[in-house]
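Asker: If you want the building blocks of each chain, they are given just below.
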Amino acid sequence: SPGSDSPGNQNDRSSAPDSRELQPVTVMLDWTPNTNHTGLYVARDKGWYADEGLQVDIVEPTEGGTTQLVATGKAQFGVSYQEDVTQARASDVPVVSIAAVIQHNTSGFASLKDKGITRAHQMENKRYGGWGSPSEEAVLKAVMENDGGDFGKVQILNIGSADFFTAVERDVDFAWIYYGWTGIEAEQRGLKLNFLELSELEPALDYYTPVLITSEQLIKDNPEFVEKFMRATAKGYEYAIKQPDEAARILLKNVPELNEQLVLASQRYLSPRYRDDAARWGEQNPQVWERYAGWMYQHKLLPKMIDTKKAFTNEFLSE
Amino acid sequence: MAEIFMEDVTKTFSVNGVLLSVLDGVTVQVEEGEFVSLIGPSGCGKSTLFNIICGLTTPDRGRVLLGGHDNVPAGEVVSYMPQKDLLLPWRTVLDNVILARRAVGRERAAVQSEARELMPLFGLTGFENSYPAELSGGMRQRAALMRTVLARQRVLLLDEPLGALDAITRTRMQQWLLKVWNNFKQAVFFVTHDIDEAIFLSDRVYVLTSRPAKVCLHLSVSLPRPRRAKLVTAPSFLALKKEIMRALQVQ
Amino acid sequence: MAEIFMEDVTKTFSVNGVLLSVLDGVTVQVEEGEFVSLIGPSGCGKSTLFNIICGLTTPDRGRVLLGGHDNVPAGEVVSYMPQKDLLLPWRTVLDNVILARRAVGRERAAVQSEARELMPLFGLTGFENSYPAELSGGMRQRAALMRTVLARQRVLLLDEPLGALDAITRTRMQQWLLKVWNNFKQAVFFVTHDIDEAIFLSDRVYVLTSRPAKVCLHLSVSLPRPRRAKLVTAPSFLALKKEIMRALQVQ
Amino acid sequence: MSRLNQADRPVNMGDKLWPALFCLLAFFLAWEAGVRLLDIKPYILPALSQVLNTLGDMLPLLARHSQSTLLEAVTGLAAAVGVALVLAALMDLHPWIRQGIYPLLVVSQTVPIISIAPLFIIWFGYGILPKVVVVALVCFFPVVVSLVEGMQSADCDMVNLLRVMGYSRWQVIRLVRFPAALPSFFAGLKIAGTYSVMGAVIGEWLGAVNGLGVFMTRATHAYQLDRVFAAILIIILVSLLIYAVIELLAHLAMPWYYNERRDD
Amino acid sequence: MSRLNQADRPVNMGDKLWPALFCLLAFFLAWEAGVRLLDIKPYILPALSQVLNTLGDMLPLLARHSQSTLLEAVTGLAAAVGVALVLAALMDLHPWIRQGIYPLLVVSQTVPIISIAPLFIIWFGYGILPKVVVVALVCFFPVVVSLVEGMQSADCDMVNLLRVMGYSRWQVIRLVRFPAALPSFFAGLKIAGTYSVMGAVIGEWLGAVNGLGVFMTRATHAYQLDRVFAAILIIILVSLLIYAVIELLAHLAMPWYYNERRDD
Ligand SMILES: Nc1ncnc2c1ncn2[C@@H]1O[C@H](COP(=O)(O)OP(=O)(O)OP(=O)(O)O)[C@@H](O)[C@H]1O
Ligand SMILES: Nc1ncnc2c1ncn2[C@@H]1O[C@H](COP(=O)(O)OP(=O)(O)OP(=O)(O)O)[C@@H](O)[C@H]1O
Ligand SMILES: [Mg+2]
Ligand SMILES: [Mg+2]
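Protein chains in written order, with the numbering used here: chain A, -3 to 315; chain B, 2 to 252; chain C, 2 to 252; chain D, 21 to 284; chain E, 21 to 284.
In short, the hints are calculated from the structure, not lab data. Don't take each hint at face value.
[To be verified] Under the rule of at most 25 Å between Cα atoms (straight-line distance), these lysine-lysine pairs were calculated in the DSS-like manner: (1) Lys188(A) x Lys109(A); (2) Lys61(E) x Lys109(A); (3) Lys231(B) x Lys242(B); (4) Lys231(B) x Lys231(C); (5) Lys300(A) x Lys36(D); (6) Lys85(B) x Lys85(C).
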């Protein structure tokens, strides 16, 4: 077996895995650790990264900094979403999406039941709590106009760091949430929501969120390294798909600050959605990329159209 | 009737539980239009005595009569000039000197024109609109004295008004002070450390012992007025000086 | 050979472009072991003169010889006590008084034990390890003087060392100062505003005019030593006093 | 006699501007040269020239956003002064009140505002109010500290003197304690003014419709760092503007404090 | 003779703690009662009792996170002091240097750190370094200002006196200028210390693995406000701890400053 040639090495090995041989890797998340990231934690906890010779640090992000930091190599991998990658590439930030964590967009517009927003046109004369993404207005406009609504009648507010629940407490009628986290929390609280899933409102908006990204440079210089990382990561997500409760406990063990009930419920919601209808976990469809980038360009959200073939790759997915 | 009459005044301070006996049965009085000095070592309780007259401190024992009456507000009888000049830095000289007079509710314009007329006597002409920070030490003292005099009360309490000045300026200011006193005829109760100064200015001198202060000498100064600076070398002056020095044990 | 010899020293300051003539041809000298006073109105330039001796200010014109030599570092001949006591607040009394002596590189323990022995003479026994903030004004002045004396230089420059004290404490300190001087036999160059003080302490007195300062009177004080406090009322003393008062125009 | 309160005088920024401008120029040059020579990507650190270019292009938009921010900063500052006046007056009433409140104020400064942001939103909504509150929270502390210290610096003997003269308690406060506190108050206000715009930007970051904070968030999400830096330049300029206005007010309110001592 | 530098003395938090404790208790009672009486939802404002409960439960976890944060805060504070010493020494060299640097330092305080956060990570990585840098940025300003003012407060005549005695330029700095700056330095350091933990938390918010900032972000995003408040209590405690240590150091370093004047 490797490393058994020197007695000194053996000594080390008997006490702890030889960390000197492991290659340090930094993964920067897109938000606080949550069930979107379960696969990463599982792979690390099960020692699958170590098996590939990697020592993975999972770092929580700077506000809006993940993509730049991955592009500059400060983190080798990051968690992002398709819109962000598209924006970044249009601004010549050289990042590449290497896996779709969830096959379909589980985000959408949520509001308290009594606001009566069951269709997109009912957003008229309501107040929307946004978070400063450049595409928000275009998305709202598109989905409302699809439903015969007048976008001009929506009042948009940046709710910044406040969460959905505090925001809808008084000043906001609806906001854009991930159902897998915030929607589940609402269920936990027994709060009745109307939820309009984005992918149903406008097919072009069924983009990948979140995705794993890395830099063009790294792919060029060290594809084996990316492959190793992705092999273990995929194993992690496969495990999470098969064993939601076990996976959730691993996440909780690593991030004990989280709310146990929320994580468990969220994981049960999300596990079947990681792979969903795709052949394998992480698969990205060129059409999805082309369709969404085109949509963004049409809506003048991009300074220029991007070459979507360079924006993502499936080459690091196993099998 | 004495303007100020204090009998057997005694005061003990308590600082962090430690008792500090400051005045021990002090009896002094100031008659109408008289110039009386109080001389005593540093920290013996002279300022405390003045504070008692002003009602800022209450004595433990003893009687204080102002203008023959018990319980009159001090401000209606005396005008006080503390050891520091205490000019308000944010007011011009003119507004500072009328401060005491304005307190009794006089009209501002009238008081101001009254003050303007007196500026030459106090050597402050041209500085009416200056702030105190722009004045020299001697000028500040003169402004503070002017404020005290302008209150036009029957007694001036002056607590070491010349203490901050150098000896030469001080000698000049003493002569000027007598001129002012002559002009306004108010009674003056004057605190000093300086033996020459006390004799030179006063009709009577009280000498206090160190803490707790008692009157250890009470002296009438019957030198003729007006007095000139060279009086301090006159034999009659020196006899008084020797007596005070002996009382203060500085021989 | 004079310890200090200044000839025709002239100094003009320029403050924001305005020229301020401070010293105008001053000639003074201090002989070995002599006590010489300099008296003059406030702001006439006495401290400036001392600064020139110490090398902190360079004169515009004139000659300064220390111990008969040009260009010696002032610190090797004179020991300077400025107008403020300038004790270092962060050093104990003991460490403050040895400061000057340590500057010339003496061993600390030796200097300290030397200082300890002298504490009684300076009335500081028991306060060796106190910080300056814990001392009274008189004690601070004595500590500052001790630091100056302990430097053991041939001349002490004392700039109004008793100026901050009240008149009564001051009179006591004058007598004590003479005792110390008698003990150490260093020459003393002494600045004061107080005519009595100058005569009482000195062998010779220089009187300066107001700014720009010139020597307007140079007086030998041939009163016998040791001198007692009551000397200030002696006729021979008063004759000198009158002469100085006339020179200073305070009559 | 030395200048009143000389030690308290703040270092005067307006005294000699040349050395500062020189340093600023050097800094700008280093920035531009650094970016060019090290070939730093514009999404990491844009060159100064690019930032200035963007600043020029975006001026109307930035001006509009600045208006909201400036309004929030100034309103917040005014609120801070109001709160500080009340608190300082309270603490001046009795040493016990001071000893009770003061340490709590110090402690309150250790709480990171961002962590209680949600409470702000719930209490104050998304209008101008929460921003004003954040600005006031950031600014009131230096003002209240300087006010308390200023009022304490009023000479007791001066107060006594005026009491003997026959002035009432409130007249004495107006005549002595209040003016005595002014230099210290303005020193604190200058510090607060410097921080006020930053406070407003943080407040906007908690949620807003308009303002430089919103502008910066949007630009960050669109990878337009040149715009972010243009906004930072504007923030600095607006802060300096507020500082200058306070300096001016101080000169108007305290001529006696700035007048030079004349020799007699 | 009055106490040296009396006016400069910072309000001493340790003097009389009772009134402060009383106010604190009142505040706590109001909080608990308010939440109970108004029936405020725990995800909007948890009751104090609940927060304390959570604090008890989470103590081991909080202790672990506090360690990182404390380490960052103290290291950052030390770095701030180092930078401040260098800057202050520089500014002490010549008034021009001071006039050149000082206004820029003031200006630098107007830049919201959060807006240049990504730059920090790029320059300093994810380790402890960027947090230390943020703490140092938050803390160095009060320290440098107090140092500069402290060194300027050294009495010129004292310096001259020692020069005449024959001490060298550097000896005089050691004997006079440095000790003279100490009281002011410690006053500034106390302010900086109060802010240091908050700085570390903000630093962690820029991207971290451990620390109270991470804990709070996670708790916020998992909608557990009781945990957020438990962390805030810990932040306050750690801040007070740092304050107390600085106070102790000040007493050790400047016995002469705290000794009471005895009457002779
Ligand atoms: N309010 C007070 N509480 C406690 N002690 C006091 C108070 N006022 C004065 N003392 C003490 O009483 C003593 C006498 O003080 P006072 O100011 O009356 O002396 P003084 O004769 O005016 O001294 P000086 O000549 O130095 O002005 C001093 O020891 C002083 O410390
Ligand atoms: N470095 C300086 N630059 C400009 N002017 C100075 C300087 N030093 C002193 N002066 C001015 O020179 C004059 C004389 O000052 P000096 O301190 O020598 O007077 P003095 O006789 O010691 O006064 P006092 O008796 O008040 O101590 C004063 O008007 C003072 O303002
Ligand atoms: Mg007194
Ligand atoms: Mg002098």
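Asker: Next, verify each hint and record whether it holds.
Answerer: We went through each hint and held it up to the structure:
1. Lys188(A) x Lys109(A): holds (5 Å)
2. Lys61(E) x Lys109(A): holds (19 Å)
3. Lys231(B) x Lys242(B): holds (14 Å)
4. Lys231(B) x Lys231(C): Given pair Lys231(B), Lys231(C) holds - Cα atoms ~19 Å apart, limit 25 Å.
5. Lys300(A) x Lys36(D): The hint is violated at about 49 Å.
6. Lys85(B) x Lys85(C): This hinted pair holds, its Cα atoms lying about 19 Å apart.
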